[in-house]
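**Student:** These are the residues of each chain, in order.
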Amino acid sequence: MEEHDPVEDLKKGFDVVVMGTGLTETILSGILSVEGKRVLHIDKNPYYGGDGASLKLSQVFAKFRGETSKSTNDPKDKDWNIDLIPKFLMADGELARILRSLQQVQDNVQFQQIEGSYVYRAHSGGILGLGGHSGVIKVPSNALEAATSSLVGILEKGRLKKFLEFVANYDDKSGPMYQGKNLDKELMKTIYDQFGLETATRDFVGHAMALYSDDGYLNLPARPTFNKIRLYASSVAMYGSSPYIYPLYGLGDLPSAFTRLSAVHGGTYMLNTEVLGFEYGADKKVSGVKIKFEDPKHDGQFIDLVINTSRVVAAPEYVPEGKKKVPTGQNVIRAICVLKHPVKDAGDNSQIIIPQSQIGRKNDIYIAVLSDKHHVCPKGYFLAIVSTIAERGDNPQDELKPAFELLGAIEEKFMGNASILWEPADSVEIEDFDNIFVSKSLDASSHLESCTDDVKYLYRCMEGKDLDIDDLKKTASAE
Amino acid sequence: MSEGGPKPSSSVKLVLLGEAAVGKSSLVLRFVNDDFQENKEPTIGAAFLTQKCNLPNRTIKFEIWDTAGQERFASLAPMYYRNAQSALVVYDLTKASSLTKAKHWVAELQRQASPGIVIALVGNKLDLTTQSTGLEGSMGGLSLSAAANSGADGDDDEEEEDARQVTTAEAKGYAEEEGLLFYETSAKTGHNVSEVFTAIANAIPESTLKTRGGPGTGRGGAGGSSGDTFGGTGGVNLSAAGETNKDACAC
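Protein sequences, first through last, are from chains A and B. Counting from 1, one number per residue, gives the positions in the first sequence under UniProt numbering. Counting from 1, one number per residue, gives the positions in the second sequence under UniProt numbering.
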């Protein structure tokens, strides 16, 4: 019988080599494989997910504290799936739409809804309309709930209802003109003015519904904000109570599921593989990648190999700073907190937003609260993962303090350095573009919508056409 | 075994593991379609296949997950073995190093998979051992009974051109130590193939079936697209309209 030598197979070359198994890269390699491209997908880590992996507790100890022996032998270790970057899916968002089109991915991931979305209100209370104690309040999940929520002042409720109805009746497909307004020109703050909304209400709409983490959107055209509010509303409408869904066993299962889709369609996967460099042709375009990996036939022996390819997709950590990637200027600080109790008034799986206006910051703080219901920790434990955009370089602990105070007793807290958010440095439009397509870092938001934007952008750059999800569905199910 | 009758039926997730080219897919192909393809290409296009196994008092529907080639560079995700109730760890009995890899997979399963998982160690390519001269060896090629029951007489006699590199005694001894089912098979001739699956089906405790039929096995049974395949409350069926029949993507 003919022997299929995996290394010989690598030497045949690939249409695309993908580096890094974060969500953006894995969705792309899934799509490209379904479309029949020969894809090689590499990750330097021994696990899938890149920066967005979900790790075991032992791996988290190793990563943040260098304690390699800790709890690896604990039989409960496998019950932990701790997101390095916690995010939720909008139930009616673009990623959910892609997932709905790909049965083979759905077969591998199960979702549960997140039970609630909460905002923090500071003690003064006056800002948000009513007096009372500091604490978290559930974000209304529809206009009706909004009208009865204590988040909105009594006199304001009618105005908010009118505003939300106005937004709900907009249809992005019919273009920017809407009831005499050009939503590509009119600023969001002008629209708020027209409806006479109070600052506290704008805060609530912009941060808890449109999910902006700062107030920059007020001075931008209204159309994207309209669409974000509409997405929030339609997502809540899908399963009730919150707009979010979350995969069982952690967010890291999403990249894993897309790698399986790719593999089922012929994609080749290599974890624990070091990228040594790129090779270029006379036309200055990439012609291959040099990798180092363990010989599948001889344990412990490593092979250097140049793999021919004409195109590369790379996560930021695989390309040098300067020519290929630049910092966006935003750095994200995150803290993984292990609790032994649910978060007061916010249940055991929820999103808590601490709006910047409530704590004198420019950027909101997000807390993702998860429990064993989503199979991310053993029974009796809770995960609260806190994140925000860093505003000062000196003391990240201090910046997250308002969140830690909300959480109560914290069993273990893991914090690394602030992560730099990267974006590609060179435009694919330039004459001598090298055909190395760099993805963006996962952003600081609480959801994954910008990730699918990046997937679509990269797809368009690579294939010269828009990604057609319905078409993809047909191709995938034709197998 | 007769069809029909309201025997209880349960879905069981079975994962395939083992080095590349030991015949994992071929074993499943033999079991599911009673077919064998010479020089089969490495696995692509098969997310999983399903096959029923009728036992006297119940029916087990295997959801058989193929590695999709992700074992080639040790790149299987934990997702793969999660909630698997059974595993087929395959080695090529004409290649000693493949048993080493198989042992690695068994250890991985014991670490990562559900505690009660039923693991069968399978030495495949029995047809490549010399059936004419190797009779005094560990496995008589003509033996129709399961190696697990008949291999005890192996005297490790590895003679001349016999392609066999792993003796029955060695593999069986290891399987006994680890509490694994053990068979030597030929996907090519079909020898012992259905026996492996029947033995796994029999070994799965009824109690785990009752409690684990739905949420434990991916999206539940093939073709079953009802929203309640998810455990607990708050489960979300992404595509309520997704009637895609998984049997259809079996090949």
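Possibly wrong hints are sitting among the right ones.
In silico EDC-like cross-links for lysine to aspartate or glutamate, where the CA-CA straight-line distance does not exceed 16 angstroms [said to hold, decoys possible]:
1) K284(A) to D434(A)
2) K95(B) to D5(A)
3) K324(A) to E279(A)
4) K78(A) to D34(B)
5) K228(A) to D215(A)
6) K188(B) to D34(B)
7) K285(A) to E429(A)
8) K323(A) to D432(A)
9) K103(B) to E429(A)
10) K324(A) to D453(A)
11) K76(A) to D34(B)
12) K465(A) to D453(A)
Derived from the structure by calculation, the hints contain no laboratory data.
**Student:** Flag every earlier hint the structure violates by its number, smallest first.
**Tutor:** Checked against the structure, the hints that fail are numbers 4, 9, 10 and 11, while the rest are satisfied.
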